[in-house]
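Asks: Residues per chain, in single letters:
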Amino acid sequence: MSAETRRRRVSLIGASAAAAVALLAGCASGAPTPVESGETSYPSYYPDDYAALVEAAEQESGNLTIYSSMQEENWAPIIAGFRAKYPFVNQVSALNLEGDELFQRQLSEESVGNATADMLSSPSVSAWVNYVEQSSVIEYESAEDTQVPEAAKALPGVYALSIDPQVLSYNTALIDDDLESWGDLAAYLDGGDFAGKVGVRDPELSTFNFTVQYTLLTQKPELWDVYGEFIRLGRSETSTGSMNEKTISGEYVASVFVTAGGALETSQNSGGLYKLVMPTDGVVATPRPIGIPDSAPNPNTARLMLDYILSAEGQQAVQDGGLAAFHDDAVAPEGGWTYQDAVDEVGDAVVTVPVPFVAFDEEELDAFFDKWNSFRN
Amino acid sequence: MPSSTSGTASGTEPPNGTRYVNTNLRDSGAGTELRGPVPSAPAPGLVPPRHRRFLGFDRNQSIWWGAFIVLALFVAAPIVPTLVQSVRTKALYDSTGEFSLGAFARLFTEAQFGEVILNTLTFAVLTTVMTLLIAVPIAVVVTRTNLPGKRLFETTMQWPYYVSSLIIGLGWMMIYGPAGFITELVRGIVGGQPWDLYTIPGMALIEAVSVAPIAYMFCRNALLQSDASLEAAAKTSGAPPLRILFSIVIPMMRPAIVYSAVLVFTVAVETLSIPLIIGIPAGITFFSTFLYKNGLQSLNPDYGLLGAASVIILLVAVVLVVTQTRLLRNAQRFVTVRGKATRPKPLDLGKLRWVAFVYVAAYVVIGAGIPLLGIFLRSFTFILTPLRNPLESLTLSNYTRIFEIPAYSGSIVNSLVVASVGAVLVTILVFVVALVAKRSSFRFRRGLDYLALAPQAMPGLIVGIGLFWAIAVLPFGLGGLIHGTLFALIIGFGFRALPSAYGAIAPSILQIGEELDKAANLSGADWLRTVRSILLKILLPSIASAFVLTFISMFKEYSPAIFLQSADSKVFGTTMLEMWAQGATGPVAALAAIQIAIISVVALVASKYMKGIQHA
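Protein chains in written order, with this note's numbering: chain A, 1 to 377; chain B, 1001 to 1616.
Careful, some of the hints might be misleading.
What the hints assert, rightly or not - With a straight-line Cα cutoff of 30 Å, these simulated DSBU-like cross-link-like pairs (lysine-lysine) come out:
# : chain 1 : residue 1 : chain 2 : residue 2
1 : B       : Lys1351   : B       : Lys1235
2 : B       : Lys1235   : A       : Lys371
3 : B       : Lys1293   : A       : Lys220
4 : B       : Lys1345   : B       : Lys1090
5 : B       : Lys1293   : B       : Lys1537
6 : A       : Lys153    : A       : Lys220
7 : B       : Lys1351   : B       : Lys1537
8 : A       : Lys153    : B       : Lys1293
9 : B       : Lys1351   : B       : Lys1150
Quick caveat, the hints were computed from the structure, so don't treat them as lab data. Given the structure is predicted, the values throughout are model-derived calculations rather than measurements.
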């Protein structure tokens, strides 16, 4: 294996040498050209030499590759806005993989010197922690840093793109009552035979599923009783899509923790059949962090993108793409929520995943899974 | 090394072409079972035919070795990294890993593992049995009898194969799930839950419906090629149609049945879709979902475990293939394409043909038609539920969404490129390999059989990871050129499609009598010439169906792409998965509808084209 190690080192050295050369070349050729992009005005809190960053980005390839666990629709307004602001960027492409797979792929590519991603975005806490342990991100302090809420600062250089509320959904043809909380749902279910008629995220199936439930139940342990009822009656689900579909068909009367943004369009097109509720006793808001790996081929373009995403304009684009923005100025569509809207609506009921991200404690994990499973059996 | 023995062409020893002729004379008709010593001197009175040579090598030998080496490299590329991974403590990229057999120990000591194995075996056995129960009778009645509406069934039987089992599963849940349209209808009549798909037999049924077309196509190929003279003989002796079916037609299909059974069994062991979308909510864990949970989706991905599990499945597949070879040992018994041709006449089933009709129609309509119709309807609606009139939520937005976003429409184009280029390459490779394996005196021909079927045992994701590493270590910077391109996807998807393509051609070859080859040989044709002028022509229908099968499976494949695609080489399947994971079921249904449309056109054009050739 020493040969492999050596090869890996060599390729890493090769990559960084190439990067250094590119940087030098960039500086050399960049110096004499007049600053063109200065037309765009930046907020007063941006650093004075921000134009230099733009200039450095202009010397890069003009492409930006992002590995994310979002979908094209989420990216479309962000990419359009970014390219309008920085016309020298020819192409922004996103490869959308599941939260954990994308890091496995990134680590593999880095180790063979083929890394092509300029930015990584995933909501998976443990995947981020593992990644910065095994590799590293550029610890870039965004020009927007002072404007970003603490809840969005996942790791140094890694900021949330959105903070998405996870909510309750139910079928209004099957449940007459107006549900407002998890407690309401549990009370309703108490009245009849609902075995197999609730959609519940399986914490063993994805780290995201785990994070949502772990966050709620460690910060609001009093909800275990109510939640245990959902686990007992529920079927294991993997995604918002599947829960939307089965709740609408009537197989489930309700689903626990659908992503508000991912369910909103379905809800709005359901003619009132499929209702989303921001529960007054517990909403989990999950940050979706984005960062720049050290191996990024276009780190400066990536820095610009990060600043754009965190800016007021970028946050509105995030909201328009169907995710929940956290910027105070962002406006949600009718019936939807920004992160701030959720906080305004249910106040202290909103719990967020603790930042900065740290590895979960093994013993607490085991205890959590044991307790979760005890309701199943 | 084996290559040193290939030098026979040059020296004083008679070239292998000679052996080939002799063998045929000696074994008369049993050429597929060449065993024992082969006389190296020509039979008295016969002069060995002279063959053209290429650079001093017998051209047949060059082709045999070429096929062997290409196939071996192709198959080894993803398997070798997997074997290495199975004995490493950490991911291959992590150089701090060590060699250890710990992963195997973990696999077998995992508390849940016994139950997982039991579930998986039950599922695989049930799936295989149900698949054969569906596919074999249908292939027989559609191909060999006066079944009403057989033309229509010939086409529609293949539809379930046009979409991935993920889509079939979604369609089934939509229609026959706990709140499905038909379920609700029946519940209204009988009161109470009529059936439960959240069970192993339920899941096996859906999987069987989804894979039955593969077995159907294998059996149909075998039937199309078999000679009707045996049936005619039976008829003349006064055997009734049913007796002919059970004593002649079905036994003659044994190679095809055995091939399909092995293939379906390994698919059922490896498949992820049905276990994921139905098994998980049902709380039943299978091998693939076990790996999914403990592998990439877990808090600490266990690469060693993934590797070890793949090695285990690989071993299972090897055992199956060995069994298959034993079952088909006396292959000449199945030779039904003889030197004399008789046009098959359909058997008259009498009134029984209506029973057959109901059986076939039940599969086509209930198994495939209605669920696919559900998907189709879903693609034109915002929501689809028995609780609302679907006409109230009609929309085209699911389609416009796909065509408005370049990354989505681009993925359709990419898939077309991958599937068509891949299908051509794989079909050529498989045709040559199958001929060498079944119809040559090549010393390692038996190994080709194993090599061609081995890919079936590898879960798609593992294939992706394995190939990723294989590409990474390519010399001369080739790795960087291939990485993330459509070509990488062609290799990965082609690898996965190899066994079914092989299964479409290999059993058909067993059915062709050796006297045809011999006739050609005696007329002075060497192996290549024989292949070109005789076997290629007879095998055209099988080649066509291998092409279509490969095209389809490569068009709908996705799992290896997770590691092989880049932002610019997305394909149909991954787009579908991406949308599904994000909750966009409508657009997923629209993509499935587009998929069915494209594949139907390809299959139709292919069948018309092949008919044209046959009639010419």
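Asks: Each hint: holds or not?
Replies: Here's how the hints hold up against the structure:
A C-alpha spacing of about 18 Å is found between Lys1351 (chain B) and Lys1235 (chain B), which places the hinted pair at or below 30 Å, so the restraint holds. Distance check on the hinted pair: Lys1235 (chain B) and Lys371 (chain A) sit about 70 Å apart at the alpha-carbon level, beyond 30 Å; violated. Annotation: proposed proximity of Lys1293 (chain B) to Lys220 (chain A) holds, straight-line Cα distance about 27 Å (limit 30 Å). Distance hint between Lys1345 (chain B) and Lys1090 (chain B) is unfulfilled; the C-alpha atoms sit about 62 Å from each other, more than 30 Å.
Simply put, Lys1293 (chain B) and Lys1537 (chain B) have alpha-carbon atoms about 49 Å apart, too far for the 30 Å limit, and the pair is violated. Restraint check: the Cα-Cα separation between Lys153 (chain A) and Lys220 (chain A) comes to about 22 Å, which is no more than 30 Å; the hinted pair holds. For the hint linking Lys1351 (chain B) to Lys1537 (chain B), the alpha-carbon distance of about 37 Å lies beyond 30 Å, and the restraint is violated. Distance check on the hinted pair: Lys153 (chain A) and Lys1293 (chain B) sit about 29 Å apart at the alpha-carbon level, within 30 Å; holds.
For the proposed pair Lys1351 (chain B) and Lys1150 (chain B), the alpha carbon gap of about 15 Å is at most 30 Å, so the pair holds.
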